[in-house]
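Chains as they are written, first to last, in numbering that gives the first Met the number 0: chain X, 0 to 305; chain P, 0 to 237.
Keep in mind the hints are simulated off the structure, nothing from the lab.
All C-beta atoms in this analysis are idealised placements derived from N, C-alpha and C, irrespective of residue type, glycine included.
Worth double-checking, as some hints may not be accurate.
[What the hints assert, rightly or not] A partial selection of chain P residues facing chain X, derived with a Cβ cut-off under 7 Å: (1) 52; (2) 71; (3) 100; (4) 104.
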Amino acid sequence: MEKFLQQLINGLTIGGFYALVALGYTMVYGVLKLINFAHGDMFMWGTLVGWALLAALVAPLAGMDLVAILITSVVVMGVIGAVGVTIERVAYRPLRKAGRLSPVISALGAAFVLEALARNATEARVKVYPQNLLENLPSIPLIGGVSLSGLQLLMLITCVLLMVGLYAFVQRTRIGTAMRAVSLDHDVSRLMGINVDQIITLVFFIGPALGGIGGVLVGLYYRSFDFTLGWIFGLKAFIAAILGGIGNIPGAVLGGFVLGIVETMATAYGGAGASAWKDAIAYILLIIILIARPTGILGETVAEKV
Amino acid sequence: MALLELQDIHTYYGHVHALKGISLQVEEGQIVALIGANGAGKTTTLRTISGLLRPRSGSIIFDGNPIHRMPAHRIVHLGLTHAPEGRQVFPTLTVQENLNMGAYTLGNDKEAIEENRRRVFKLFPRLEERKNQLGGTLSGGEQQMLSIGRALMSRPKLLMLDEPSLGLAPMLVKAIFETIREINRQGVTVLLVEQNARAALKLADYAYVLETGTIALEGPAGELLRDERVRKAYLGET
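Given the sequences, and given the hints that come with them, work out the whole structure.
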């Protein structure tokens, strides 16, 4: 029981990361019906920029780890959001009317460019986040020997706040409603006076910004990373988005948590050698769920009216 | 000067020459009907006016502004709205949210939005009863009401309606046409595209008959209603 609870906490933490990154895939798919394959690498750049910033901030802000992390997160969100907007302008917008295949190829190209730039920037080495950050955050003892580390709690709170904030924005505000309208129909949205390009730009800011802060959290949690993080972790976040029903925001969150928990549990209880299968588990889960529900767990079942 | 004036408009769908020199005028305060067979270019004409399609040549002047090169979302700001064919309400947005999107150009002017909402609910009390329901769960007639109501939310000068009677039961068609007359009485100019030529001509002040991308005939609606060619081709008389 104790082990189960501990693993559940670990799974929730990792699931939160998947969810944050999955949101970017799902939002872009919503408005453009495009799988933004560059998203995983933008997330990885979030880890990378976060690493560089933290390394620079740790000494001048010694003893104020939280402040350093907060500044880093905000800057990374801005930077990666701007990268997302730029990629949409340069690689996707010119192909808006070119059918559905060309933008996907362009997205793959953007992913390779981002990855190559990161490989050069890191000289293809594993980079380590500053050590001993937030070391003195107290652990919160739960029942028995189970505890929630201060870092995990901080991360869970951050993920949940961001997700709730996004959901409230999309559901309650005028611009958020316009975002949902654009994901339903571009032309009818134009007839409402909505500047569709502006909404798409906004989505390409918010999605990567969330992916970017997800990257910082992943860096803080695992402590080290290299330039391949975007493919490995990003692809699994993409699976989480499909699991939940791509295009659906609560679905991305649910898919992220389901994937994080299943992956953690399978590794913990799968017996010897199970951890070698860790990355395959995501795909197995994907196949099982798609057989049962082809549109994903919360995928749209409302029939589209012609 | 007319509220809306099209001058020799040519529009293409890829290589298909869909509109071959359309010229028409809509005078302020009138109901103008655009009738014609399927594929004559009625919907294309509306989509060209509202900016969803860009004409290859010709000019469109609305309320003194040239709009033929303006993006669709900016044209709405000038007071020209378009309730598209097949209703096309946002199916997963509530009735209320659909209406709010119709008032998008008003920004956060809560008072104006609320006032327009009251006006729309007065025209279509049904929508008020269903305001928290999803657009996609409404009946065909209710979706048509929502589509028209949504297009009225920004208080347009000119309302363009594409086939408001499409797929509705005769009773409902009558009610919708009554409402269009009422909307016009409240000061909104209407440009109406209809396949139901008889109903449209009875309602309209002036009408244009479209045939394969050109204006074949035009005149006061009452005269067209008595015109022999119109009676044969569009009113099903022999």
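- Starting from the hint list further up, note which numbers the structure goes against and sort them upward. Violated hint: only 1; rest satisfied.
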